[in-house]
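J.: What follows is each chain in one-letter form.
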Amino acid sequence: MILKRLQNLPRWADPFDETGHLRQLMSDLGRRLYDEPHAGVFPFLNVSATKDHYIVRAELPGVKAEDLDITVTGDNLTLSGQRRILPEEENARYHRRERDSGRFSRAVSLQGPLDADKVTATLKDGILKVTIPKADEAKPKKIVIG
Amino acid sequence: MSDILSEIKAREKKEVAGKAEQTKPGPVFTPSVDIFETETALTVLADLPGVTQANLDIDLHEDVLSIVGHIEEDREPGENVLLKEYETGQYIRKFTLSEVIDQEKIRAELVDGVLRLTLPKVEKAKPRKIQVT
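So the sequences go chain by chain: A and B. Sequential numbering from 0 applies to the first sequence in numbering that gives the first Met the number 0. Sequential numbering from 0 applies to the second sequence in numbering that gives the first Met the number 0.
No lab work stands behind these hints, which were simulated from the structure alone. Hints may contain errors.
Unchecked claim - In silico lysine-lysine, DSSO-like type, Cα no more than 30 Å apart, as pairs:
1. A:123 / A:50
2. B:93 / A:63
3. B:104 / A:63
Because the structure is a prediction, the values reported are computed rather than measured.
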C-alpha cells in the first residue's frame, strides 16, 4: 500500500527550513523527469478541497458498493475492495480482454484534522465520490475586528 | 474467495492518438473492452466510468460499430484541485464487424459505468429441402 502525501497543500513554512524547500524542488523535478503524475496504484485518485471539506474521486467501473471499503483513520483515507468480472458462457471465444478484475487497496493522506464521523460516499455510474468534512478547528475562521 | 484474486494493476487511461478533430474540446480516451463471441451473438463490454445513458451514443453503420460516451464534469463551487491522477474526457472506440448483425435485436445495458452490448448474429438460412417433382 502506498501513501501519497499531498504536495501542494499550503503549509506554515519555516523560513529557515532550506532543506524542506530543496526536497520539494527535487521531488517536483523527479516527477517531471519521470513524467509520473500518480502514485502508480489502482485506483487513481483526484483530490480537491473546498473550505469545508475534501473531495476524493476515483473511477471504479463495475465495482459494487458492497465490494468497497472506505475508512478514515487520522489523516488517512483508505479505499479497498475488489472488482469482479463474472465468467461468461463456457463456449464464449474471446477476441479482446482488456478489463481487469481483482483486489485493490489505495490510501491517500489528507491534511487533517478530519471529521471522520461525517464522511459521505456515493458510487454512481462507476465514479466514487467521497466527501470528507474538515474538523471544525481546521476550517478557516473569519476574525472580526471589534 | 478474495484470497485468490490478484491485485489490479494501475494503468493510465489510453488517450486517442492521431484523432480526427473533435467538436468538443478536451481529451479523448479509448475505453477498455472485452469482446467475446458465441454461436449466436457478439458481446462487447466497455468500461465507461462517468457516462450516463443520456450521454452514450452507440451506432452501427454499415459494419462499423462506434461507441461514444461524453462526460459531464462534476465540480462543486469553490473546489480547488490538490491532486490529479486521472483526466476525464470523452470515450470513443470503433470496431469493424466481420459478422452480419441483426440490427433489430441489438441490446445495450449501462450499469455502474460498464456497457454491455449484445449484437445477435443474423440467423443463417435454414437448409431447405427442395423436392423434385
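J.: Next, verify each hint and record whether it holds.
T.: Results of checking the hints against the structure:
1. A:123 / A:50: 24 Å, holds
2. B:93 / A:63: 28 Å, holds
3. B:104 / A:63: 28 Å, holds
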